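Construct the entire structure; sequences and hints are all you get.
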Amino acid sequence: MEPVLNHSWKLSEMDAVNLQQELSLKIVKEDQLTKVSYVAGVDVAYSEHSDKLIAAVVILEASSLRLVESVVVEDTVHFPYIPGLFSFREIPPLLKAFKQIKTPPQLIVCDGQGMAHPRRFGLASHLGVLFDLPTIGCGKTKLLGEFQDPEIKRGSSSPLVDHGEVIGAVLRTQDNVKPIFVSIGHRISLTTACEWILKLSPKYRLPETTRQADQLVNKVLADFQRDQE
DNA sequence: GCGACAG
DNA sequence: ATCTTGTCGC
Numbered sequence: 424m425e426p427v428l429n430h431s432w433k434l435s436e437m438d439a440v441n442l443q444q445e446l447s448l449k450i451v452k453e454d455q456l457t458k459v460s461y462v463a464g465v466d467v468a469y470s471e472h473s474d475k476l477i478a479a480v481v482i483l484e485a486s487s488l489r490l491v492e493s494v495v496v497e498d499t500v501h502f503p504y505i506p507g508l509f510s511f512r513e514i515p516p517l518l519k520a521f522k523q524i525k526t527p528p529q530l531i532v533c534d535g536q537g538m539a540h541p542r543r544f545g546l547a548s549h550l551g552v553l554f555d556l557p558t559i560g561c562g563k564t565k566l567l568g569e570f571q572d573p574e575i576k577r578g579s580s581s582p583l584v585d586h587g588e589v590i591g592a593v594l595r596t597q598d599n600v601k602p603i604f605v606s607i608g609h610r611i612s613l614t615t616a617c618e619w620i621l622k623l624s625p626k627y628r629l630p631e632t633t634r635q636a637d638q639l640v641n642k643v644l645a646d647f648q649r650d651q652e
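Just so we're aligned: 463 in my numbering is position 40 of the first sequence, and the numbers increase by one with no gaps anywhere.
Please note that the accuracy of each hint is not assured.
No more than 20 Å apart at the CA atoms, straight line, and that leaves these computed lysine to aspartate or glutamate pairs for EDC-like [as the list claims (entries may be wrong)]:
| no. | residue 1 | residue 2 |
| --- | --- | --- |
| 1 | Lys626 | Glu574 |
| 2 | Lys601 | Asp555 |
| 3 | Lys622 | Glu484 |
| 4 | Lys576 | Asp598 |
| 5 | Lys576 | Glu618 |
| 6 | Lys642 | Asp474 |
| 7 | Lys563 | Asp598 |
| 8 | Lys475 | Glu497 |
| 9 | Lys642 | Glu497 |
| 10 | Lys601 | Glu569 |
| 11 | Lys522 | Asp498 |
| 12 | Lys525 | Glu569 |
| 13 | Lys519 | Asp555 |
| 14 | Lys525 | Asp555 |
| 15 | Lys522 | Glu492 |
| 16 | Lys519 | Glu492 |
| 17 | Lys522 | Glu497 |
| 18 | Lys563 | Asp585 |
| 19 | Lys563 | Asp637 |
| 20 | Lys563 | Glu574 |
| 21 | Lys522 | Asp555 |
| 22 | Lys525 | Glu484 |
| 23 | Lys601 | Glu574 |
| 24 | Lys601 | Asp637 |
| 25 | Lys622 | Asp454 |
| 26 | Lys642 | Glu492 |
| 27 | Lys565 | Asp637 |
| 28 | Lys449 | Asp555 |
| 29 | Lys458 | Glu484 |
| 30 | Lys475 | Asp498 |
To be clear, the hints were calculated from the coordinates, so they are not data collected in a lab.
Being a predicted model, the structure only gives us computed values, none of them experimental.
Set out below in structure tokens:
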């Protein structure tokens, strides 16, 4: 559960890019994923007129999709939002929350891209390498790549391609609903990743992991901002 | 120069 | 991400 790397996270943009390139040298391999009892979901919500943020990690039981544990932390923004350097903004608070998790997950679903990234190393890949756990990148919109609209039926998908390389899948999780962008994070194949996302999205467009994490951070942030006034 | 650009 | 009301539909 401990991160294999320990950075200061007080990085310049250039430092961030260099670190990202170092970490991306790690090899992504497929795990069996046969014994996944718990799946984690993560999300961060930001305050508008302050540098405060709320980060959360939720743990769902894989078989029932029931919420079994959640950790919420308050933190401060220490890195700006820059497309391609998203990890450096969200990982510090997420690590802070992960440190308090008592139920270790065997899979993490991230709110953002994994391999579908300019350097093939988005948030999901980054988190996967840090924890050495299987991770899936699951974004609501694309960062880059070209694709054809998948068929209208739930479960349909089409490849997300960048410079001739398949970097992810555009997956329809509900009939006639806007598809989401799935990509390999770490230690998982794209096919297995899509299967998991479908399993985690029995009713809504987004997987339960990100939905639960999302509603949690937004609720806590709302309470936090209410107390400020 | 113009458009794109995870959250 | 965040600012925001109602509205169409199952």
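Here is what the structure says about each hint:
1. Lys626 - Glu574: Since the Cα atoms of Lys626 and Glu574 sit roughly 18 Å apart, the hinted pair holds (cutoff 20 Å).
2. Lys601 - Asp555: Distance of about 31 Å is beyond 20 Å: violated.
3. Lys622 - Glu484: 12 Å, holds
4. Lys576 - Asp598: 5 Å, holds
5. Lys576 - Glu618: Since the Cα atoms of Lys576 and Glu618 sit roughly 15 Å apart, the hinted pair holds (cutoff 20 Å).
6. Lys642 - Asp474: 17 Å, holds
7. Lys563 - Asp598: 16 Å, holds
8. Lys475 - Glu497: Holds. Lys475 to Glu497 sits at ~7 Å (cutoff 20 Å).
9. Lys642 - Glu497: The given pair, whose Cα atoms are some 13 Å apart, holds under the 20 Å limit.
10. Lys601 - Glu569: With Cα atoms ~16 Å apart, Lys601 and Glu569 stay inside 20 Å; holds.
11. Lys522 - Asp498: 14 Å, holds
12. Lys525 - Glu569: Not satisfied, since the Cα-Cα distance of roughly 40 Å exceeds 20 Å.
13. Lys519 - Asp555: 17 Å, holds
14. Lys525 - Asp555: 17 Å, holds
15. Lys522 - Glu492: Holds, at about 13 Å.
16. Lys519 - Glu492: Within the cut-off at roughly 15 Å; holds.
17. Lys522 - Glu497: 13 Å, holds
18. Lys563 - Asp585: With Cα atoms ~18 Å apart, Lys563 and Asp585 stay inside 20 Å; holds.
19. Lys563 - Asp637: Holds, because 13 Å separates the two Cα atoms, which is no more than 20 Å.
20. Lys563 - Glu574: 17 Å, holds
21. Lys522 - Asp555: 15 Å, holds
22. Lys525 - Glu484: 13 Å, holds
23. Lys601 - Glu574: 11 Å, holds
24. Lys601 - Asp637: This hinted pair holds, its Cα atoms lying about 18 Å apart.
25. Lys622 - Asp454: Within the cut-off at roughly 18 Å; holds.
26. Lys642 - Glu492: The hint holds at about 16 Å.
27. Lys565 - Asp637: Status holds; Cα separation ~19 Å.
28. Lys449 - Asp555: Holds, at about 10 Å.
29. Lys458 - Glu484: 12 Å, holds
30. Lys475 - Asp498: The given pair, whose Cα atoms are some 6 Å apart, holds under the 20 Å limit.
Hint violations for this structure: numbers 2 and 12, all remaining hints satisfied.
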